[in-house]
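Protein chains in written order, with this note's numbering: chain A, 1 to 233; chain B, 1 to 227; chain C, 1 to 302.
Keep in mind the hints are simulated off the structure, nothing from the lab. One should not assume that every hint holds.
[As the list claims (entries may be wrong)] With a Cα cut of at most 20 Å, we get these calculated EDC-like pairs of lysine to aspartate or glutamate:
| # | chain 1 | residue 1 | chain 2 | residue 2 |
| --- | --- | --- | --- | --- |
| 1 | C | Lys196 | A | Asp16 |
| 2 | A | Lys133 | B | Asp8 |
| 3 | B | Lys126 | C | Asp17 |
| 4 | B | Lys145 | A | Asp88 |
| 5 | A | Lys209 | A | Asp16 |
| 6 | A | Lys133 | B | Asp207 |
| 7 | A | Lys133 | B | Glu3 |
| 8 | A | Lys209 | A | Asp162 |
| 9 | A | Lys133 | A | Asp86 |
| 10 | B | Lys126 | C | Asp37 |
| 11 | B | Lys145 | A | Asp86 |
| 12 | A | Lys70 | A | Glu58 |
| 13 | A | Lys133 | A | Glu120 |
| 14 | A | Lys209 | A | Glu19 |
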Amino acid sequence: MDPLIRVSGLRFRYPDGTEALKGVDFELFPGETVILLGANGSGKTTFALHLNGLLEGEGQIRVCGLPMDKISLPEIRRRVGMVFQDADEQLFMPTVMEDVTYGPLNLGVEPAEAMRLAREALEQTGMSAAHAKAPYHLSAGEKRRVAIAGVLAMRPDILILDEPTTSLDPPGQRDLVDLLTALPQSKIVTTHDIAFARAIGTRAVFFEKGSIAALGTVGDIASRFGWEPLPRG
Amino acid sequence: MEEWARRDSPLHRRDARVKMILLLVFLVWIGTARPAQPEAYAAYASILLVAALASRLPLLSLLWRAALVLPFAATFALLSWMAGDAERAASLVLKSSFSAFAVLLVVATTPMPALLAAVESLAAPKMLVMVVQFLYRYLFVLSEKAQHMWMAAQCRGGIRRASAGGAIAVLFASSHARAEGIHRAMLARGFAGHMPLIRPSSLHWLDISFLATGILVLSLGRWLWIL
Amino acid sequence: MHIPDGFLATPVWAALDLAAIPAVGLIARRSQAGLEDARAPLLGVMGAFVFAAQMINFPVGVGTSGHLVGGTLLACTLGPSAAVVVMTAILAVQALVFQDGGLLALGANVMNMAVAGVLAGYLPFHYWGQGPWRRAAIFLGGVLSVLVSAFLTLAQLRISGIPMPSAVLGLSMALFLVSALVEGAVTLAVFGALEKMNPGWVRKPAGAISRLRGALAAGALLMASLGALVASGLPDGLESAAAKLGIHERAWNLFETPLLDYELQFAEPVWMRKVAAGLVGLAIIYLLCAALSRWLLRRRSP
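Here chain A stands alone, though its shape is the one from the complex:
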C-alpha cells in the first residue's frame, strides 16, 4: 500500500537561525492515526505546518503522490485539512456558516454547493444548530468542532490536528475522541495528553530536538520517554 504522505530528509531553519527540523523521515498510511509526541519546541508543529505547504524546508515531501510544488499546492491544501491549535485564529469569518463555506468557496465551488458541503460538515460534527452564530459566542469545544467542520467541508483525505484538546473540559475531550474516531480520514495529531493519544492513536512518533527519536505504539513511547500522565493521588 502506498503511503498518503511520505517525507524524507526534511530540514528547516527559522529566519532567526534556529534549526527546527534536522532531517525528518515520516510516512502516513491510509486509515492510520499517528500521534506526534515530544516536548514543547521539539518541532512537532513546525513539521505539521510543512505537510500543508505553510512552511517550506529542504527535503522531499509527497502528499497522495503529489510533489510539494507551486502547481500541486492548491490540491495538497484541499487534501490535507489543517486544524490549528487556536480556534479563534482559525474561525476568522463573522458567522459559523460563512466560516465553514470559506474553504469550499476558495476552491471555486458554487455557493449553493458550498452551502450544502458546509451543512453536511456541520451535521457530521454536531454543530448544525450553530450555523448562524458568531464564533465568538461558541464554547471552546464548539469552536473546535466548527474548526473541524470548516476543514471537512473541503473533503480532505488527511486531517492534521495541532493540540486539539487545548482548553477543552473532560466531557469536551470525550466528545472530541468520539468525533475523531468516527471520521474515516487518516489523521496526524500533536498532543501532550497521553490519555487522549491512547484513545485515538494507532501509533506514535516521538520528536526530540527537531528529529524523530522513536516510533511505536502510544503506550511504548509514553513509557520509554517518561511521558506518562501524573499518577492519580
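Here the structure of chain A is known, so what remains is to put chains B and C in place on it, guided by the hints.
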C-alpha cells in the same frame, strides 16, 4: 447588542440594505431640518417610536444607549443657550439624540455580517469592509486580553508609565502574531488572494414595499413641510 | 472628540462626506499594495488592537490618566495608508456599534482623525525618522496628530454655527494640548518597548533625512488646521474674495432642489461666506507654505 441583533421582529426581518437606505434618508432629513419646528421633531419622534416598538427590543435600554451622545450634545447646547440661542440648543440635543437612536435601531436589529454585506453592496470599498469585519471579529477577543493584562497588573500593584508602554507593546506583539496565525489559517484553507463573499439574497417584496413606504412617508412629510 | 450627527451644517457634512469617500477609497486601494486581500486580516486585527490598547490607562500625573489614540503608532508600523484605513474602520465601528460619532458626520470624523490626523502624525517620522531626532519625531507626530484633528473638528463645529466663546475655545484648546502631549508620550513609550522587542515592526521611513522639509511640512499642517479654526470665526476679511469667486452663488444653485428649498433660508449668505472663507483661507495658507518650501529647497540645492 449582538444578542439584540439576533432576535426576531418585523424590523429584524427586513433586508439590511433597505434598512441602511432608509436610515440614510432619515438621517439626511434630520440633518437638514430647520432648527425650530416642534411639530417636525414630534413627527421624527413618533417615527422612531413606531420603529422601536416594531423591533420588540426593550425601549428603555435602547434609550439609555442612545443617550450616550447627550454629554457631548448637552455641553454645546448649554453653550448655545448661554449665547441666547435656545432654539439651537434644543435642536442640537434633539437632532443628535434622534440620529443616534435611529442608527442604534438599525444596528440593533441587523446582525453585523448582514449589515456589512449591505454596506458593501451599497458601494463601500471592499477592502474597508473586510477590515471592519476582521476588526469586529477580534474586537472582543483582544479587549478581553487587554482586560486580563490590566487585572494582572493591578494584582501586582498597578501600572506605571513605563510598564503601560510595555503592556501596549506586548498587546501589539500578540495582535501581530494573531494576524499571522489568521493569515496562515486562511492559506491552509486555500486562500488565493481574494476573500469569497456570500452575496446577500435578493429582495423580498415586503422589503421593497417597506422601502417604498418609508421613502414615501419621509418625502411626503418633507413636502408637506412637517419634517 | 467624535462629532455626532446634528451638529454640522448640511454643506459641511455633505462636503466632507463627498471628500472622504474617494479619499478613503483611493487610500484603501493603495494600502493593499498589490497584495490583494492578504492585508485585510492584519489591518482588522490592528484596529481591534487599538480598541484594546485604549483600555489600558496611562497615568499622566496629578491623578489623571489618558489613553492611546493610535494614529501615529499605526502609521509608523503599518505605513500611513494602511493606518488611514485602520483608523477609518475604527471610526466606522465606533459610529455604528458604540454610538460614538454620527453616521452623516462620519466623513468629517474620518477626514479629521483618520486622514489629517494620521498624515500629521506620520510627517515628522517620514522626514526625521532615521536621524538623531527620531525620538523627537515620534513624540511630535503623536502631538501633531491630536492637535490637527482637534483644530479641524473645532473649526467645523464653528463653521456650522455652534457658538464658541473665546473662553470656551481657549479652555478646549488647552485640554486638547494636554491630550496631544499625552498621545506623544504614550506613542513614544510604546515605540521604545516595540523596538526592543522586534525592530522589524517599525518601518524604515522612506523620506530622506531633511529637518527643514520636515519642519516646514509639520508647521504647514499645524498652521493650516489652526488657520481653518481662526478663519471659521473671522471670515469678514475674506468675505469679498469668496463672493468674487462666485462660490456661494454656485452653492446656492446646488441646494435649490424642490425638496430642500427651505435650505435657502437656512443657508444665509453670511453663513455660506463663512464656509467659503474658511476654504479660501486654507488654500491661501497652503499655497504660501508650498511656495515657501519650494523656494527654500531650490536655494539649498542649486
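Status of each hint after checking the structure:
{"no.": "1", "hint": "Lys196/C x Asp16/A", "result": "holds (16 Å)"}
{"no.": "2", "hint": "Lys133/A x Asp8/B", "result": "holds (14 Å)"}
{"no.": "3", "hint": "Lys126/B x Asp17/C", "result": "holds (18 Å)"}
{"no.": "4", "hint": "Lys145/B x Asp88/A", "result": "holds (13 Å)"}
{"no.": "5", "hint": "Lys209/A x Asp16/A", "result": "holds (17 Å)"}
{"no.": "6", "hint": "Lys133/A x Asp207/B", "result": "violated (24 Å)"}
{"no.": "7", "hint": "Lys133/A x Glu3/B", "result": "holds (10 Å)"}
{"no.": "8", "hint": "Lys209/A x Asp162/A", "result": "holds (18 Å)"}
{"no.": "9", "hint": "Lys133/A x Asp86/A", "result": "holds (19 Å)"}
{"no.": "10", "hint": "Lys126/B x Asp37/C", "result": "holds (9 Å)"}
{"no.": "11", "hint": "Lys145/B x Asp86/A", "result": "holds (14 Å)"}
{"no.": "12", "hint": "Lys70/A x Glu58/A", "result": "holds (15 Å)"}
{"no.": "13", "hint": "Lys133/A x Glu120/A", "result": "holds (17 Å)"}
{"no.": "14", "hint": "Lys209/A x Glu19/A", "result": "holds (9 Å)"}
In this structure, only the earlier hint numbered 6 is contradicted, and the remaining ones agree with it.
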